[in-house]
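2 protein chains.
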Amino acid sequence: MSGRAAAGERTVGVIRTPWTEVREVPVQGAMAPDAEGVVEVARQYAPGLKDIEGFSHLILLYRFHRAGRAELVRRPFLDDDEHGLFAMRHPARPGGIGLTVVRLVAREGARLRVRGVDMLDGTPLLDIKPYVARWDAFPDARAGWLEQRPDGAKPGGRE
Amino acid sequence: MSGRAAAGERTVGVIRTPWTEVREVPVQGAMAPDAEGVVEVARQYAPGLKDIEGFSHLILLYRFHRAGRAELVRRPFLDDDEHGLFAMRHPARPGGIGLTVVRLVAREGARLRVRGVDMLDGTPLLDIKPYVARWDAFPDARAGWLEQRPDGAKPGGRE
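Heads up: the sequence lines are chains E and Y, in that order. At position 89 of the first sequence the residue is numbered 81 (this note's numbering), and the sequence of numbers has no breaks. At position 65 of the second sequence the residue is numbered 57 (this note's numbering), and the sequence of numbers has no breaks.
No wet-lab data here; the hints were simulated from the structure. Any given hint could turn out to be false.
Treat identical chains as interchangeable: a pair holds within one or across any two.
As the list claims (entries may be wrong) - Calculated cross-link-like contacts (lysine to aspartate or glutamate; reagent style EDC-like; alpha-carbon spacing at most 20 angstroms):
| id | residue 1 | residue 2 |
| --- | --- | --- |
| 1 | Lys42 | Asp26 |
| 2 | Lys42 | Asp113 |
| 3 | Lys42 | Glu139 |
| 4 | Lys42 | Glu32 |
| 5 | Lys42 | Glu74 |
| 6 | Lys42 | Glu16 |
| 7 | Lys42 | Glu13 |
| 8 | Lys42 | Asp73 |
| 9 | Lys42 | Glu100 |
Could you put together the complete structure from these sequences and hints?
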């Protein structure tokens, strides 16, 4: 299913970013914290944005619409060793759902200007959830094989 | 679409929790940090768990399979005022996708014992992502209307 929307799947908007090609995309939003994008919420869902401007961070859920077929064990962008797909954030996944925490810069009607985007321009938006530190922030979490990795991507990015 | 799986949607397992009725479920996992559950990954996806035991926290994405119809503006469980759906974590959402960060206690083959569950027993699992503090932890995030609310649910829970 990854690589296209599920039949009957409901999207609530689209994400605009500076990146139109997979190779340009940073591996994770926090690696390009200033990359600005725009979340365009579809007109019929705009009422759902009421009071969103009170939140400094948002969780975006979106469709990895151009990811390839999921391989359950693979080499991630950030390591030379193989790991399981559920132990990495690679876009080619069985569910095909992407997640990025972004900073909300400003709301302009049904458009949200955000920073920290790491998805392709035109990515279908599945949901926006408010980020709540007491539920979502675990700064001391242990990150397995990713602990040893620098923040930067391997040369070549997402090739 | 919320309330049932999308046509053709791919699930990768099921989440077992102590709660079989909606009214029993805590409003958010961090409010019941010791509630233990089991993530049962379907046999064919089990290879994707390789090296997951190195991560202390996991992001579970799942289907809100028994949520009602989405209302774009509503009163959340935790407040008496109305807010937009994208400014709350209410289960009845257009995308119908739930998200909870849980602590990984132990891996037993294709079963993950986790703490901090806040979903119904039998919830369909859509994805597991490793929690990585430098991408996902923003302890100083501002939480809008939720800042003023205590951690506890209103009496009656999710009625």
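Quick rundown of the hints versus the structure:
In this assembly of identical chains, Lys42 and Asp26 lie within 20 angstroms of each other by CA distance neither inside one copy nor across copies; the values are 25 angstroms within and 33 angstroms between. Taking identical chains as interchangeable, the C-alpha atoms of Lys42 and Asp113 are never at most 20 angstroms apart, the minima being 25 angstroms within one chain and 31 angstroms between chains. In this assembly of identical chains, the alpha carbons of Lys42 and Glu139 lie at most 20 angstroms apart only when taken from different copies (16 angstroms versus 38 angstroms within one copy). In the homo-oligomer, the alpha carbons of Lys42 and Glu32 lie at most 20 angstroms apart inside one protomer (15 angstroms), although the nearest pairing across protomers, at 37 angstroms, exceeds that limit.
For a Cα distance limit of 20 angstroms, the shortest separation of Lys42 from Glu74 across copies, 9 angstroms, qualifies, whereas the shortest one inside one copy, 44 angstroms, does not. Taking the shortest Cα distances, Lys42 and Glu16 never come within 20 angstroms of each other, neither inside one copy (33 angstroms) nor across copies (28 angstroms). In this assembly of identical chains, Lys42 and Glu13 lie within 20 angstroms of each other by CA distance neither inside one copy nor across copies; the values are 33 angstroms within and 30 angstroms between. Only between protomers do Lys42 and Asp73 lie at most 20 angstroms apart by alpha-carbon distance; the minimum there is 11 angstroms, versus 45 angstroms within a single protomer.
With identical chains, the CA atoms of Lys42 and Glu100 are at most 20 angstroms apart within one copy only, with a shortest distance of 12 angstroms there and 43 angstroms across copies.
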